[in-house]
Amino acid sequence: MLAGEYPPRWGGLGTATHHLASAMVADGHQVSVITRHTSWLGFGAYPGTELQGVEVHPVAWAPVPMAFTRSYGRAALRKLRRLHRQNPIDIVHLHCPMIALTARQIRSIRSQIAPMVATMHGTWLGEKDGLRLASR
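Under this note's numbering, the letters of the sequence shown match residues 1 to 136, in that order.
Treat the hints with caution; some may be incorrect.
To be verified - Okay, the calculated beta carbon distance ranges per label pair:
1) ASP27 to ASP129: 14 to 24 Å
2) MET120 to MET66: 29 to 39 Å
3) THR15 to VAL117: 25 to 35 Å
4) ALA134 to GLN86: 13 to 23 Å
5) GLN86 to SER135: 16 to 26 Å
6) HIS29 to ALA62: 28 to 38 Å
7) ASN87 to THR123: 30 to 40 Å
8) LEU133 to ARG70: 26 to 36 Å
9) ARG85 to THR123: 32 to 42 Å
10) GLN86 to SER108: 10 to 20 Å
11) ASP27 to LEU133: 14 to 24 Å
As the list claims (entries may be wrong) - For lysine to any residue, the following SDA-like pairs were computed, each having C-alpha atoms within a straight-line distance of at most 25 Å:
12) LYS79 to ILE113
13) LYS79 to SER111
14) LYS79 to LEU51
None of these hints come from the bench; they were simulated from the model.
C-beta atoms are modelled at their ideal positions from N, C-alpha and C, and glycine is treated no differently.
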């Protein structure tokens, strides 16, 4: 899973991702979450590389308004490729909108790593125009 929020950085997206990942682990699946490193923001360091059975892989990102989603996307993709080389991945779950990937990056994930699903977290009011455009 690629999610820009994950405990200890909580929000709606992080909460939903955490509950889904934990439930999948409880069902016997191996789950890895690639998220943004947050210790320098005062949220505390990740407690090791595992949280309730979920492998957590924090990556660096640029704390720049309107640019952090791209920098996190690039770092997450590099980490995803490394993890796939170590242990082949079955499926990639992209949790949006805290990550921005180009069409080329998405195609490379789908062709070189694994099938991908995406969940758009947020409100209909905030994302309706983007969702309508994407459906065309």
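For each hint, the structure was consulted:
1. ASP27 to ASP129: 14 to 24 Å: Roughly 36 Å apart at Cβ, these two residues miss the hinted range, so it is violated.
2. MET120 to MET66: 29 to 39 Å: At 19 Å between Cβs, range violated.
3. THR15 to VAL117: 25 to 35 Å: violated (19 Å)
4. ALA134 to GLN86: 13 to 23 Å: violated (32 Å)
5. GLN86 to SER135: 16 to 26 Å: Between GLN86 and SER135, where Cβ atoms are some 36 Å apart, the hint is violated.
6. HIS29 to ALA62: 28 to 38 Å: This hint holds: roughly 32 Å between Cβ atoms.
7. ASN87 to THR123: 30 to 40 Å: holds (36 Å)
8. LEU133 to ARG70: 26 to 36 Å: violated (19 Å)
9. ARG85 to THR123: 32 to 42 Å: Cβ of ARG85 to Cβ of THR123: about 37 Å, so the range 32 to 42 Å holds.
10. GLN86 to SER108: 10 to 20 Å: Since the Cβ atoms of GLN86 and SER108 sit about 18 Å apart, the hinted range of 10 to 20 Å holds.
11. ASP27 to LEU133: 14 to 24 Å: violated (35 Å)
12. LYS79 to ILE113: OK: LYS79 and ILE113 at ~12 Å, within 25 Å.
13. LYS79 to SER111: holds (17 Å)
14. LYS79 to LEU51: holds (18 Å)
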